[in-house]
Amino acid sequence: MKGVLLAASISLLISLFGTPLFIKFLVKRGYGQFIRDDGPTSHHTKRGTPTMGGAVILAATLGAYFLAHLLTLNPPTASGLLVLFLMAGLGFVGFLDDFIKIRKQRSLGLRSKQKLVGQALVGITFAGLALQFPNEQYRTPASLLVSFVRDTNISLALGGSTVVGVILFVIFANVMIAGASNGVNLTDGLDGLATGVSTMVFGAYVLISIWTYNQNCQTNPGIKCYEVRDSHDLALVAAAGMGACFGFLWWNATPAKIFMGDTGSLALGGALAGLAIATHTEMLLVILGGMFVLETLSVVAQVASFKTTGKRVLRMAPLHHHFEMVGWNEVTVVVRFWIIAGLFVAFGLGVFYAEWVVGSQ
340 MKGVLLAASI SLLISLFGTP LFIKFLVKRG YGQFIRDDGP TSHHTKRGTP TMGGAVILAA
400 TLGAYFLAHL LTLNPPTASG LLVLFLMAGL GFVGFLDDFI KIRKQRSLGL RSKQKLVGQA
460 LVGITFAGLA LQFPNEQYRT PASLLVSFVR DTNISLALGG STVVGVILFV IFANVMIAGA
520 SNGVNLTDGL DGLATGVSTM VFGAYVLISI WTYNQNCQTN PGIKCYEVRD SHDLALVAAA
580 GMGACFGFLW WNATPAKIFM GDTGSLALGG ALAGLAIATH TEMLLVILGG MFVLETLSVV
640 AQVASFKTTG KRVLRMAPLH HHFEMVGWNE VTVVVRFWII AGLFVAFGLG VFYAEWVVGS
700 Q
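Read the sequence shown against this note's numbering and you will find it ends at 700, with the numbers running on by one and no gaps.
Derived from the structure by calculation, the hints contain no laboratory data.
We treat Cβ as the ideally placed atom computed from N, Cα and C, and that holds for glycine.
Each pair of labels, with its calculated beta carbon distance range:
(1) Ala459 - Met622: 19 to 27 angstroms
(2) Val456 - Val639: 15 to 23 angstroms
(3) Gln476 - Leu455: 35 to 43 angstroms
(4) Leu455 - Thr558: 34 to 42 angstroms
(5) Lys563 - Ala459: 34 to 42 angstroms
(6) Phe364 - Leu636: 31 to 39 angstroms
(7) Met622 - Gly561: 20 to 28 angstroms
(8) Val665 - Val456: 35 to 43 angstroms
(9) Lys452 - Phe686: 30 to 38 angstroms
(10) Val456 - Met340: 34 to 42 angstroms
(11) Phe686 - Leu360: 33 to 41 angstroms
(12) Val638 - Ala685: 20 to 28 angstroms
(13) Leu546 - Gln476: 21 to 29 angstroms
Within a straight-line C-alpha distance of at most 27 angstroms, the following computed DSSO-like cross-link-like pairs (lysine-lysine) qualify:
(14) Lys646 - Lys452
(15) Lys341 - Lys563
(16) Lys367 - Lys443
(17) Lys367 - Lys596
(18) Lys363 - Lys596
(19) Lys363 - Lys443
Kindly produce the complete structure, drawing on both the sequences and the hints.
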């Protein structure tokens, strides 16, 4: 628990006091956000606001993780390092996207295919490595079992073929990673929205990881123990991510002094997907990150409706822009969406705990 508290505190301090320094650096070099013309007209006043703030979130998370291990004299684990690799790898893809936007002064950076290829390369590497590095109990960071709140009896190794199982797992993991990273990216359209929602979901994974550590099959075997490797270190990663987002939110809240950009949104989505895979709660992320799911579905519905009927179901997608167009103030949209996100997180944690209570009786 000491390491978890240290990670959260250190990342909060790095993000809180490092962000204004990074803002000065970006302003000095003119690295400002380019606002798309087809967005809400009220957003044009945000043109030139420093972007790529996700670099601070990433640096704070990585720095806090390694400092916490250094201070507690505990070595990093394979699970924690893999989640951070996924976060940093997708953050780099996002950085390239942001940098191209700034250099060419346009709202589009990497082409969609280029971004997907970059995400896939990082995702495939993560998925392949997550099935390696067995510990003394032969547990690897990820599992070929399909998981909701814990490993099930349903395996991706169809017909007993491990090769087929590995291929299906890599595909499944990449769908998760792409979905989570793009979900956060779509949600990042209003000051503080994606940062606040991400803080809540990271907080949920702190609690889940601590719980699975206390009820782990390696140290506390029982009917309802959890087959999760390195639970305590995953709690440390989640705490570092939570603290980094919390500190960044101070500067990202309305009116934002800095945007996280794709550097931040892709990195955060990757970290959340990595935590879900490593804690064996892949399907639970759909509930915990329900706000990201709603934002993504709103875009899917808008595009599908327009292509099939020529009509739009929303005034503008993603969903938060629709409510802006309806007349809601930006702060109102953000706070209400935070409330909805909090309800999703509370419900997800309730489902997680209820499964353990029912199964333990």
